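Novice: Chains as they are written, first to last, in my numbering: chain A, 1 to 264; chain B, 1001 to 1216; chain C, 2001 to 2216.
FYI, nobody ran anything at the bench for these hints, they're computed from the structure. Treat the hints with caution; some may be incorrect.
Not the full set, but computed from the structure, chain C residues with beta-carbon under 10 Å of chain A [unchecked claim]: (1) Glu-2002; (2) Leu-2003; (3) Leu-2020; (4) Ser-2038; (5) Leu-2045; (6) Asn-2113; (7) Arg-2116; (8) Ala-2188.
Far from chain C, some chain B residues (derived; all Cβ distances over 12 Å) [as the list claims (entries may be wrong)]: (9) Gln-1029; (10) Thr-1060; (11) Arg-1063; (12) Arg-1065; (13) Ile-1079; (14) Ile-1155; (15) Thr-1158; (16) Val-1159; (17) Ser-1161; (18) Leu-1163; (19) Asp-1167.
Quantities reported herein were computed from a predicted structural model and do not represent experimental measurements. Glycine included, C-beta positions come from ideal geometry on N, C-alpha and C.
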Amino acid sequence: MDRRFVYILVALAVIIPMLFRVNLPVSVSEPTQKLYDYIEALPSDSTIILAFDYGPSSLAELNPMAKSLLRQCFDNDVRVIALTLYPDGTTLASTLIQEIAEEKGAVDGEDYVFLGFRPGATQVILGMGSDISSVFETDYSGKATTEIPMMKDITNYAQISLLIDLASGSSTEVWITYANVQYNLQIAAGVTGVIISQMYPYLQTGQLVGLISGILGAAEYERLIDVPAKGMLWINIESFVHLLIVGLVVAGNIIFFNQRRREE
Amino acid sequence: MRRQVPLILCFVFGIVMIFTQFSPHSVSQTLYQEVISWALIISPFALVLATTTLIQTHVTRIRRRTEHWQYSFLVFVGIITMVVIGVPFGPQNQVFEWFYTHVQVPMDATMFSLLAFFIASAAYRAFRARTFEASLLLITALIVMMGNVPVGDLIWNTVLSWLPLEDGASGARQWILNNPNLSARRGIILGVSLGVISQSIRIILGIERTYLGGGD
Amino acid sequence: MELFGIWVAALLTLCIYSFLYQDNPFYRFAEHLYVGISVGYGIVLSIHQGLIPFAFKPFWAAVTGESLIGLVKLIPIGVGLLFFARLSPGHTWLIRYPIAILIGFGSGVAIPNVLRANIFEQTRGTIEPFAAMHAGTLSGWGVFEAVLMVVGVVCTLTYFFFSVEHRGPVKWLSKVGIAFLMIGFGSAFGNTVMGRVALLIQRADFLLGDWLNLIS
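Make the full structure from the sequences, and use the hints.
Specialist: Okay, structure coming up:
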C-alpha cells in the first residue's frame, strides 16, 4: 500500500468526524482529578504561578489546558502569575491570558500578571526563589513588578501556593529539581503526549501534586470545570484516528504473519 | 590563559554553587545570590552563538551554491523582517505580533503535525510483533492508544459488558502508566541522574573538558 | 488584516502539507521562511526580555551613577560580551570564559539538587509502599504492585549496569529489565500518537473552521 494512501485515510479520519460532531463521554483520571481538587481547595486570594513552557508546536495540547486552568483560577479568585521559560511561548501566552481574562472579567495587575520571558531556565528558577522581582524587574508590558498591586505581598516562592508547569520539554523536571527541592514549592504539570510517561515517577513520590496528560487530560479538565471546549471536541475526533492506527497495526501484522507462513 | 583560566573559572563557580547551597550563613547566601545573578546576566549573551552559527551556515550555502541555495535568502528575509520590526518597537508591536500569529504559529504547529501522518504510515509498515520484546511494546502501545480515547471505554463497555470492570480501557492504560511504566522510567531517571552527577563532578574537577572545544 | 492573516496562515499550512506528496518548492519556501521568522522572533525576545533587563539596564544605571553597586554588574556584562568573540576567528577562544562560568554554575547547582530530587526522592518512592505494607494498610493487590515496582526498578537498573558481564542471574534480571523498558516505551509511543494526532486535529480545525468556515 502506498504511504500516501495511508495519509489520505488519516486525513479522512480527522475531517469526517470534525464535520459531523461526535460526543462520547470522557472519564476523569486520578492525576487530573488531583490537580483540580488541589486548586479547588486553595483559599481565595491565594496565588499560583502558571508557567507557559511551550511554543506553537504544542499549542494544540497545552492551550486547552491553560484556558481551563485560568477559568478555574479566575472563578475561584485564585490569582495567577504567568511566565515562560521558552521565548517562543511569550506572545502565545500573552494572547491566551488576555482572552480568558476578558471572558472572566479578570483585571491585569489585580487578578493576574504576565511577567513574560527570561533566558536561562535554571538561574531564572533559582533567582525567583530569592526574589521574583530580581529576575522579573518589570512585567511583560513594562510595569515595575513591585508596583503591581497583586505583587505587593509577594516576594518569592514562600507566598506561592502552587506552580503549574505547562510543558512540552524537560522544564517540569527542572522546576522539580530546583524549585521543589530547594524551596519546597508545590508543583503540578500539564504536559504533551510525548512526555506523559516520564512524569509518573514524580507523581508517585508527590513531587508532582497532579498531572494533566495531553489532549485527553485537557478534555478531562474541561469536564471537571464543566466548560466543554476544544479539548472535548478534539479527543472525540482523536478516537477515530486511534481506531485507524490500531487497525493499520493489526492489518500490517496479519499481512506480515501470512507472508512469513507462506515463506516457511 | 586560553585553557587554564576557563578551567579555574569552571572549578570556582562549581564549588561555590555546591557549598553555598549547604550553608545558611548570610555571607554564603549573598554569594549564592550574586553567582545566580551573574549567570542570569551572562546567559542572554549566548544568543550571539546560536545566531552566528545559523547565519554562517546559510552564508556558506549561498557562497558555495549548494543545492536549493536560493532558499537561504528566505531565512535572512525572515530574520531581518522580525528584527527590523521587533528590536526598535518591541515584541508587543502589532505588526510583529501579526507575523508571529499568522506566519510562525501556523507553520510551527503544522510542521510538527506532519508526524501524525508519518506515525500512521510507520505503524502500518514497521510495527511488527517479531519478537517477545517487540510484542510487549506493540501490545502496550495499542492498550494505551485505546485507553487514551473515549471510544476505547465505549468499546470495552459494549463488547465486554459481562465483565465486572467498567471503563476497562482507560483503567488498563492508567495501570500500565502507574506500574510497569513507572518502574522503567524510575530506573532510567536513577541511571541518568547518577550519570549527570558524575559528569558534573568530572567537569568541575577539570577531567571532562570537551566544552572547551578544540585548539589551544 | 485579520482575514488576510488567516489566508496567509492557511496557505502556509498547505505549503507544508504539500510535503506529504513529495518534496517541492512550496514546502521549501515555507520551511526556510519558518526558520527565518522563528529565529528573528527568538532574537527579538532575547534582546527585549534578556539583554535589556539583565545587561543594558544595570549597565546604564552603573554608567549614569544611578546605582554604584551596579558597577559590580559590569564584570558579568563584560564576560557576557566575550560571546561576541565568536565573530572574530582569531579570538574565538575567548568565548570559553563565559561558557566555563555557565557550565561550572550548572554543574555546581546540579549535584546537590539532582541528588535530592532524583536519587533520594525516587528511592524513597520505591521503598515507601513497604512501610505501608509493614503497617498493614496495603491491600493484597497493593503488595503485588509494590513488589512489581521494586522488581521493575532493580531489573531496569541491572540492564543499564555494564560493569559486570550480563551472564547467569544478571542476564535474566537484565532480560526482565528489557521487558519493563519495552512496556515503558510502548506506553510512551501510545501517548506520542495521541500528542501528534492532536496537532493534526488542531490544524484541520483551523483549516476547516477558521479558514473555510465549514464547522459550526
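Novice: For every hint, state whether the structure bears it out.
Specialist: Structure-based check of each hint:
Hint status for C/Glu-2002: violated, given a least beta-carbon distance of 13 Å to chain A, over 10 Å. The closest approach between the C-beta of C/Leu-2003 and any C-beta of chain A is roughly 18 Å, which is over the 10 Å cut-off, so the hint fails. With its C-beta approaching chain A no nearer than about 5 Å, C/Leu-2020 sits inside the 10 Å limit, and its interface hint holds. Below 10 Å, beta-carbon pairs count as interface contacts, and C/Ser-2038 has one with chain A at about 7 Å; its hint therefore holds.
Because the beta carbon of C/Leu-2045 sits about 4 Å from the nearest beta carbon in chain A, less than 10 Å, this interface hint is met. Nearest Cβ of chain A to the Cβ of C/Asn-2113: about 5 Å, under the 10 Å cut. The hint holds. Taking 10 Å as the C-beta cut-off, the interface hint given for C/Arg-2116 holds, the closest approach to chain A being about 5 Å. The criterion of a C-beta within 10 Å of any C-beta in chain A is met by C/Ala-2188, whose closest approach is roughly 4 Å, and the hint holds.
With a least beta-carbon separation of about 14 Å from chain C, B/Gln-1029 lies farther than 12 Å from that chain, consistent with its non-interface assignment. Consistency note on B/Thr-1060: stated as away from chain C, and its beta-carbon is indeed over 12 Å from all of that chain's, at 14 Å minimum. No Cβ of chain C approaches the Cβ of B/Arg-1063 within 12 Å, the least distance being about 16 Å, so the stated non-interface status holds. For B/Arg-1065, the non-interface assignment is confirmed: its Cβ lies about 16 Å from the closest Cβ of chain C, beyond the 12 Å cut-off.
With a cut of 12 Å on Cβ distances, B/Ile-1079 falls inside the contact zone with chain C, its closest approach being about 4 Å. No beta-carbon of chain C comes within 12 Å of the beta-carbon of B/Ile-1155; the shortest separation is about 16 Å. Every beta carbon of chain C lies more than 12 Å from that of B/Thr-1158, the smallest distance being close to 21 Å; the non-interface claim holds. Remark: the non-interface label on B/Val-1159 is consistent with the geometry, its nearest Cβ contact in chain C lying 20 Å away (cut-off 12 Å).
Every CB of chain C is more than 12 Å from the CB of B/Ser-1161 (nearest about 23 Å), matching its label as outside the interface. In this structure B/Leu-1163 is separated from chain C by more than 12 Å, as the shortest Cβ-Cβ distance comes to about 17 Å. With a least CB separation of 17 Å from chain C, B/Asp-1167 remains clear of the 12 Å interface cut-off, as annotated.
Taken one by one, the earlier hints fail for this structure at numbers 1, 2 and 13, listed in ascending order.
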